[in-house]
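Protein chains in written order, with this note's numbering: chain F, 1 to 286; chain D, 1 to 223.
Hints were generated in silico from the structure; no laboratory data involved.
Hints should not be assumed to be uniformly reliable.
Stated by the list, open to error - Rough simulated footprint, nothing fancy, chain F against chain D, three-plus residues with beta-carbon under 8 Å: (1) 164-176; (2) 192-204; (3) 210-220.
Just so it is clear, CB atoms sit at the ideal spot from N, CA and C, and this is done for glycine as well.
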Amino acid sequence: MSPNQVVHSPLDQTPRARRTLRIIGIAAVVSTAFTVWLGLWVTPPDQVQGNLVRLVYIHPGVAWVALYLAFGLAAVSSLLYLWPRTRSLFWDRLAAAAVEVGVVFNACTLISGSIWGKPTWGVWWAWDARLTSTAVLLVLFLGYLALRRVPAEPDVRAKRSAFVALFASVDVPIVHFSVLWWKTLHQGATVLNPNLSPTIHGSMAWTLLLGFVALTLVFVWMLLVRYRIGALEDWLGRGELNVALLERQAEGGHLPVVASELVGAESVVEATPECEPEPVPEGVTR
Amino acid sequence: MWRDTVLVAGKDLRIEARSRVGMSQVAPFGVVALVLFAFALGPDRTTMAKGAPGLFWVAVLFCTVLAVQRSVSVESVDGARDGLRLSGLDPAGLFLGKAAAVAAQLVVLEVVLGVGVVLLFGAKVTVPWLIVVSSVLGTIGLAATGTLYGALSAGLRVRETLLPFLFLPIAAPVLLAGTRVWQAALVGGTPSDGSQWLRLLLVFDAIYVALGVVVYGPIQESA
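For reference, chain F alone in the conformation it holds in the complex (with noise of 0.2 Å):
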């Protein structure tokens, strides 16, 4: 495909589109590679937490991801949205990728904070101010995922998540604040600590400074692709199916070979193989 070729359906990925994910997905998994690589092998045992450490360099780039860069993007694209003069339904599949990919996050923040406060604190789950304002943003976002499920013009669903996602925002700091108030036990900030000076040092703080670039690639990895799922869902949903699979078959995915002969047909489904009858074997009766 030239560069100059007029793009058609999300399908039609320019070059320059398809490089650049493939970059950051490379990235991805060679900056997680290394992580691993440090976080396992070459940083020592703390001297308090021993092995437990390792978590560290995991956990609080994987909260990053969920709490901050995730839900924050979605609260702006989702505000965007709203905005009349920047309504589009980028920012709505924009909005619904980030949220999808931060609920994973989300998961495995609490899921990562729990194997390491279980040896820690001796519980599995501790009512933490913290804990507790992640478990309730883990919730309120799986709520906004279930609205998008709903089936549902675009522009309407779009309208609608847009709303649930800007209460579910400004709810975020009133949950914090409560929850802050009712009870707290987890440790303070490591690295962004009011005084700027990072607590822990050498090997450890570059791994985890590595975690952090690790995961913050494989999220946005993600978030790139999902976006181009969801726009090829809105896509195929408008009933454009045949097109859809008559290009893809020409970027040589494995589809029905009947469906490149039919250049503009009505419908490639009725002539596809798998919807013709099966032949009956012979003594067999229906």
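Position chain D relative to chain F; hints supplied.
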């Protein structure tokens, strides 16, 4: 806007007064919930008195879901929602009216439940004004958020299941704050602990009432 508020609230309350769904179903449900909580906690009076504030607010929260469902469902038949939109009423007034009607029903319900926790759970109130103020503030917050989510979920076939899922986590701060103020206002609590929670309730109310006034119109268009 205020005239529309009164009109809409009056309409909803008249429907409730005539159908008596709130009084004959929602309030008894709240009492049933209290009795079930008592069974769950066991017959020990001290445990029950300790748990009373939280149980009261959980019961109120559940009843809010029912009241909001009801508030939405009265608009869902005979094209009432379209009728309201065609009527030219100010959307902000519509929101405030619907929320006020829900709030009024909740207040009645809270009186019933409040008497219930005092009688059944043996809760003893030392600072009545804290109880009253926190209940009013909590009710406003619940009614505002409930009405917003009710409007969002109106017209959805899965409304009954989706509404509690969306609304209850949002209302979590009201539950926390309301419970804490009540604990402060009962025997054994420190009344001075209540003030910061009252501030939190006030902020919650201000934010969601303001949001509702601004976005209720656009929400109706999307439903």
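Subject >> Broken hints, by number >> reply: The structure breaks none of the hints.
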